[in-house]
Amino acid sequence: MGIVFAVLAMACIALMVVDHRESHLERVRQVLSVAVHPIRVAVDLPFAAWQSASHSLTAQRELLEENERLRRDRLNANFQLQRLAALEMENARLRDLLDSPAAHDHRVLVAEILAVDLDPYRQRFNVNRGLANGVFVGQALLDANGVVGQVVDVGPFTAEAMAITDADHALPVRVNRNGLRTVALGTGDNNRLRLPYVTNSADIEVGDLLVSSGLGGVFPLGFPVAHVLEVRMRPGQSFAEVIAEPVSALDRDREVLLVWNAATETSAVDDASRVSELQ
Amino acid sequence: MALGVGNRIWPALSLLAALMLAAAPVPGWFTAFRPEWVAVVLLFWSLVAPERFGMLTAVGMGLALDVLTGALLGQHALALLLVVYLCQRFQPRIRVIPLAQLTLMIVMLLALYEFVLFWVDGIADRTVPFVERWAPILSSTVVWLVALTVLDRWRRVAHARI
Numbered sequence: 002m003g004i005v006f007a008v009l010a011m012a013c014i015a016l017m018v019v020d021h022r023e024s025h026l027e028r029v030r031q032v033l034s035v036a037v038h039p040i041r042v043a044v045d046l047p048f049a050a051w052q053s054a055s056h057s058l059t060a061q062r063e064l065l066e067e068n069e070r071l072r073r074d075r076l077n078a079n080f081q082l083q084r085l086a087a088l089e090m091e092n093a094r095l096r097d098l099l100d101s102p103a104a105h106d107h108r109v110l111v112a113e114i115l116a117v118d119l120d121p122y123r124q125r126f127n128v129n130r131g132l133a134n135g136v137f138v139g140q141a142l143l144d145a146n147g148v149v150g151q152v153v154d155v156g157p158f159t160a161e162a163m164a165i166t167d168a169d170h171a172l173p174v175r176v177n178r179n180g181l182r183t184v185a186l187g188t189g190d191n192n193r194l195r196l197p198y199v200t201n202s203a204d205i206e207v208g209d210l211l212v213s214s215g216l217g218g219v220f221p222l223g224f225p226v227a228h229v230l231e232v233r234m235r236p237g238q239s240f241a242e243v244i245a246e247p248v249s250a251l252d253r254d255r256e257v258l259l260v261w262n263a264a265t266e267t268s269a270v271d272d273a274s275r276v277s278e279l280q
Numbered sequence: 003m004a005l006g007v008g009n010r011i012w013p014a015l016s017l018l019a020a021l022m023l024a025a026a027p028v029p030g031w032f033t034a035f036r037p038e039w040v041a042v043v044l045l046f047w048s049l050v051a052p053e054r055f056g057m058l059t060a061v062g063m064g065l066a067l068d069v070l071t072g073a074l075l076g077q078h079a080l081a082l083l084l085v086v087y088l089c090q091r092f093q094p095r096i097r098v099i100p101l102a103q104l105t106l107m108i109v110m111l112l113a114l115y116e117f118v119l120f121w122v123d124g125i126a127d128r129t130v131p132f133v134e135r136w137a138p139i140l141s142s143t144v145v146w147l148v149a150l151t152v153l154d155r156w157r158r159v160a161h162a163r164i
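Chains as they are written, first to last, in our numbering: chain D, 2 to 280; chain U, 3 to 164.
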């Protein structure tokens, strides 16, 4: 019995070392991921069923109200879009003048977040898209409001994503008001980000919008990330303490968007290595 | 209750249920207190039917748990393997020791289980809170006490048979 234990324990330890050091175990993980897929589906089923039931049982009055609200939203969005079209043209002309490359178009795919809890100490979640849909490691996830996170592991039918608030996540951002570049780190609390590398003299204010800076190549440029919530200057130290609140509804989302932009599609592998550098 | 020999449905079902419970979404405040379902159920079966549920089952369940929770491959497998091994070394004595002492042993095994997970996280540079990490020991013990009442009945039946 002792020998069996020793052999199995060594095997487990070897597995962990290989998994931690290298990504040679992608295949093993994918096979195991298919094996536990029924469990994920079974756990998610009651929630999916509840949602579809509540959809089909919604009263007509509520549907009409929602329809009305959506119509108004659409009118509003269309109005904004008209202005955006003109701005985009202007931006393209200016970029031409400056000889800088044009901004890319983004292809997106809607993915559903599975109601499956992962490690409670990390901000991670499963989505119902995988290799079969062309999802890749390092792919950015957005929702209607802003940046949500990135894909860290892909199985055949599902993918595991890390939210921007995960304690191991770092995201290059820019203050929208003045272009000040910094890095937003996750805290492990799904409502807080911290910006530890902002100097005491930097121009950053409460309420500033932080957008993705596009550096690092994972997240597309210019998507909203967070609002600055608190700026505390610390005269004795070289950096100020800045706390921000993500704009995306990280704890309430049921659907997210997987983003492909032309730049990441050509160099997905490079991006994946850059992700690990960033962390 | 024919929990011991010949019945394969209950162990398989309970292990599957444990895996599902380990992944089922719970309200935010409860996440820290999520019982270690798989560990408790596995310890239970390795006490009741040690000849069928041993270290191989532990490693298999551990790997499933690793993939399901996105942990390092082998992390839960190692932790489960260790506690099941220790539990089985102790198993021959389970019929003679008082239930309180058995429970104490299980609590210590659960603490060891959490410690291995915590330790591996530490070595792998994964950020985890220190205090909340130990909360599942409490809730798992509660689940164990429920399992214990079942075990106690089984033990009496087994004794009667001998």
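Worth flagging that the hints you see were computed from the coordinates, not collected in a lab. Be careful, since some hints might not be right.
[Said to hold, decoys possible] Covered stretches of chain U, as calculated for chain D (at least 3 residues, CB under 8 angstroms):
no.: 1; segment: 21 to 32
no.: 2; segment: 78 to 92
[Unchecked claim] Only some residues are given here: those of chain U computed to face chain D with a beta carbon under 10 angstroms:
no.: 3; residue: L15
no.: 4; residue: L18
no.: 5; residue: A51
no.: 6; residue: R54
no.: 7; residue: L70
no.: 8; residue: R128
Small disclaimer: the values here were computed from a predicted structure and weren't measured. Beta carbons: idealized from backbone N, C-alpha and C, even for Gly.
Okay, which hints does this one fail, numbers in order? 3, 5 and 6
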